[in-house]
Amino acid sequence: MVSDRRNLNLFTLSFTALLVGQVISILGDRLNNIAMIELIAVETGRFHRAGSAFELSKLALAMTLPSLVLGPLIGAYVDRASRKRVLVTSDVVRGLAVVAIPFLRPALPMWTVYGVIAFLYLANLFFLPARCAVVAEIVERESLLRANSLLSLGATVATIVGFGLGGLVVTHIGWRPAFIIDAITYFLSAASLAMLAPTGRASERPGQGTSYAGMIREALGQVRHLAGARMGVLVPPLLTAAGTVAYVLGVALVESHSARGTMWVGFLISLAGAGMALGCYLTGRLFHGASREKVAFGAAVTSVAALALAALARNFVAVGLAATAAGIAAGPVLVVSETAIQEEAAARRQATVFAVRDMLMKLGAAVAAIAAPAVAALLGLGPAMAVLLGLLAVPLGLLAWLPRPRGLRTGGREPGAPRSE
Numbered sequence: 003m004v005s006d007r008r009n010l011n012l013f014t015l016s017f018t019a020l021l022v023g024q025v026i027s028i029l030g031d032r033l034n035n036i037a038m039i040e041l042i043a044v045e046t047g048r049f050h051r052a053g054s055a056f057e058l059s060k061l062a063l064a065m066t067l068p069s070l071v072l073g074p075l076i077g078a079y080v081d082r083a084s085r086k087r088v089l090v091t092s093d094v095v096r097g098l099a100v101v102a103i104p105f106l107r108p109a110l111p112m113w114t115v116y117g118v119i120a121f122l123y124l125a126n127l128f129f130l131p132a133r134c135a136v137v138a139e140i141v142e143r144e145s146l147l148r149a150n151s152l153l154s155l156g157a158t159v160a161t162i163v164g165f166g167l168g169g170l171v172v173t174h175i176g177w178r179p180a181f182i183i184d185a186i187t188y189f190l191s192a193a194s195l196a197m198l199a200p201t202g203r204a205s206e207r208p209g210q211g212t213s214y215a216g217m218i219r220e221a222l223g224q225v226r227h228l229a230g231a232r233m234g235v236l237v238p239p240l241l242t243a244a245g246t247v248a249y250v251l252g253v254a255l256v257e258s259h260s261a262r263g264t265m266w267v268g269f270l271i272s273l274a275g276a277g278m279a280l281g282c283y284l285t286g287r288l289f290h291g292a293s294r295e296k297v298a299f300g301a302a303v304t305s306v307a308a309l310a311l312a313a314l315a316r317n318f319v320a321v322g323l324a325a326t327a328a329g330i331a332a333g334p335v336l337v338v339s340e341t342a343i344q345e346e347a348a349a350r351r352q353a354t355v356f357a358v359r360d361m362l363m364k365l366g367a368a369v370a371a372i373a374a375p376a377v378a379a380l381l382g383l384g385p386a387m388a389v390l391l392g393l394l395a396v397p398l399g400l401l402a403w404l405p406r407p408r409g410l411r412t413g414g415r416e417p418g419a420p421r422s423e
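Add 2 to a position in the sequence shown, counting from 1, and you land on the number used in the numbering used here.
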C-alpha cells in the first residue's frame with residue numbers, strides 16, 4: 003500500500019464511522035425513493051391520470067442519466083481528491099437538495115423536482131466510488147473481505163428497513179415530512195463520516211500529472227489486465243440486469259396470479275433482501291482463503307439460476323424459496339467483487355474503477371428494463387423471464403472461462419510501495 007496511507011484495524015473509529023455513515027445514508031436514499039413515488043402518486047391522482055406511467059419513467063431517467071454520462075469522469079475526480087472530504091461534502095449537498103423539494107414543488111412545475119433528483123444522483127456519483135475506495139485506506143488488506151461483508155450486510159439491512167420505514171412515514175405523515183427526515187439522515191451521515199481519519203490525496207501519489215482521460219484509460223487497462231478487477235467490474239452489472247428482469251417481469255407475474263399480488267411482491271422482496279443479508283454475513287465468515295473469481299462467478303450463476311426457477315415455479319412457496327436462494331447467492335457477489343477491486347486495482351485509480359462499474363450497472367439495469375417487456379410481449383411473462391435470465395447466464399459463464407490475464411498485479415499498492423502485510 004502507499005507509504006503514507008494509514009492502515010487501521012477493523013472496528014476502529016474510522017471503520018465504525020464509515021459503517022454508521024453508510025447505513026444512515028442508505029436509509030435516507032430508500033426513504034427518498036418512497037417519498038418520490040408518493041409525490042408522483044399524489045400528482046397523478048394515484049396513477050389514474052392518463053400518462054401517469056411516464057412520470058415513473060422520468061424519475062428513472064433522472065436517477066440514471068448522470069451515471070451514464072459522467073460516471074467515470076467523476077470517479078477520476080474522486081481519485082484526485084481527499085475521499086473523506088468527498089464523502090462528507092456529497093452527503094451535505096444531498097441533504098440540501100432533498101430538503102429543497104418540499105419548498106420547490108408548490109411554487110414550481112414538476113420538472114424542477116426531477117431536476118433536483120438528477121442533481122441528487124449526480125452527488126451520489128461522488129459518494130459511491132469514494133465510499134468503495136476509502137475502505138482500502140482505513141482497513142488493513144487482510145481485513146478487507148470481512149470489512150466489505152459488514153458494509154454490505156449493513157447496506158442490505160438499511161435497504162430493507164429504509165423501504166419499510168419509508169412506507170410508514172409517507173402513509174402516516176405524508177411526503178413532505180419524509181423529505182425533511184431524509185435530509186436529516188444525510189446530515190447525520192456527514193457528521194459520522196467527518197470522524198474518518200484523514201485520507202490521502204491521489205495528487206500526492208505517483209502519476210499526479212495524468213489527465214482525466216488518461217486516468218480513465220489507466221483504470222480500464224487495470225480492468226483488462228487484472229482478473230479480480232475485471233470480475234469486480236463486469237459481474238455486478240450482469241447480476242443487476244438479472245435482478246431488473248426479475249423485478250420488471252416478476253412483479254407483473256405475481257400481480258397477475260393473485261388478488262393480493264402487491265402483498266406477495268413485498269413479501270418476496272423481503273425474502274430476497276433477508277437472503278442477501280445472510281449471504282453477505284456468510285461471505286465474511288467462510289470465504290477468506292477462496293478464489294475471489296470462483297466465488298463471484300459461482301454465486302452469480304447460482305443467483306441467476308434461482309431467479310429463473312422462480313419464474314417457472316408453480317406455487318408461492320417455491321417462488322419464496324427461490325427468491326431467498328437468489329438473495330443468499332447475490333450476497334457473495336457484492337462482497338467479493340468490491341474486495342477484489344480493492345485488492346488488485348492501484349489505490350490511485352480505485353475510485354475510477356468503481357465508477358466504471360457503477361456506470362455499467364446502471365446501463366445493465368436500463369437495457370434490461372427496456373428488453374424485458376418487449377420479450378414478454380412475444381413469449382409471455384414467465385417464459386420471457388426464464389429465457390432472459392438464461393441468456394444473462396451465458397456471459398457469466400464465458401467470463402469465468404476466460405484465461406486469467408498476466409498483466410501488472412498491483413495488489414492495491416502503488417508501484418514500488420512496501421507491502422502492508
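Hints listed in this document are in silico derivations from the structure and should not be mistaken for laboratory results.
This structure is a prediction, so every number in the text was calculated from the model and none was measured.
Be aware that one or more of the hints could be misleading.
Computed Cβ-Cβ distance ranges for the label pairs, DEER-style [unchecked claim]:
| # | residue 1 | residue 2 | range |
| --- | --- | --- | --- |
| 1 | L72 | F318 | 39 to 45 Å |
| 2 | A196 | V163 | 50 to 56 Å |
| 3 | T18 | T173 | 30 to 36 Å |
| 4 | L323 | L70 | 47 to 53 Å |
| 5 | L67 | L288 | 27 to 33 Å |
| 6 | A193 | P397 | 38 to 44 Å |
| 7 | A315 | T114 | 43 to 49 Å |
| 8 | V71 | T18 | 43 to 49 Å |
| 9 | W403 | V369 | 35 to 41 Å |
| 10 | P111 | V71 | 20 to 26 Å |
| 11 | G392 | Y214 | 35 to 41 Å |
| 12 | K296 | H227 | 17 to 23 Å |
Virtual Cβ for every residue (Gly too), placed ideally from N, Cα, C.
- Quick one: are A315 and T114 within 43 to 49 Å, going by C-beta? holds, 44 Å
- Query: Should the hint that L323 and L70 are 47 to 53 Å apart at their CB atoms be regarded as holding?
  - Reply: The hinted range 47 to 53 Å is violated for L323 and L70, with Cβ atoms some 35 Å apart.
- Query: Given a hinted range of 43 to 49 Å, is it respected by the beta-carbon distance of V71 and T18?
  - Reply: violated, 35 Å
- Supplied distance hint 39 to 45 Å, evaluated on CB atoms of L72 and F318: holds, 42 Å
- Could you say whether the range 35 to 41 Å given as a hint is met by the Cβ separation of G392 and Y214? About 39 Å separates the Cβ atoms of G392 and Y214, which means 35 to 41 Å holds.
- Task: Evaluate the given range 20 to 26 Å for the C-beta pair formed by P111 and V71.
- Result: Between P111 and V71, where Cβ atoms are some 23 Å apart, the hint holds.
- Item | Assessment of proposed distance window 50 to 56 Å (beta carbons of A196, V163) | Distance hint for A196, V163 is violated at roughly 24 Å.
- Using the C-beta atoms of A193 and P397, is the stated range 38 to 44 Å upheld? holds, 42 Å
- Item | H227 and K296 - C-beta distance against the hinted 17 to 23 Å | holds, 19 Å
- Could you check the hint for me, namely that T18 and T173 are 30 to 36 Å apart, CB to CB? For T173 against T18, whose Cβ atoms are near 33 Å apart, the range 30 to 36 Å holds.
- Query: Has the hinted range 35 to 41 Å been met by the Cβ atoms of W403 and V369?
  - Reply: At 23 Å between Cβs, range violated.
- Go ahead and decide if the range 27 to 33 Å is satisfied by the Cβ distance of L67 to L288. This hint is violated: roughly 39 Å between Cβ atoms.
Checked against the numbered hints given earlier, the structure breaks hints 2, 4, 5, 8 and 9 and satisfies all the rest.
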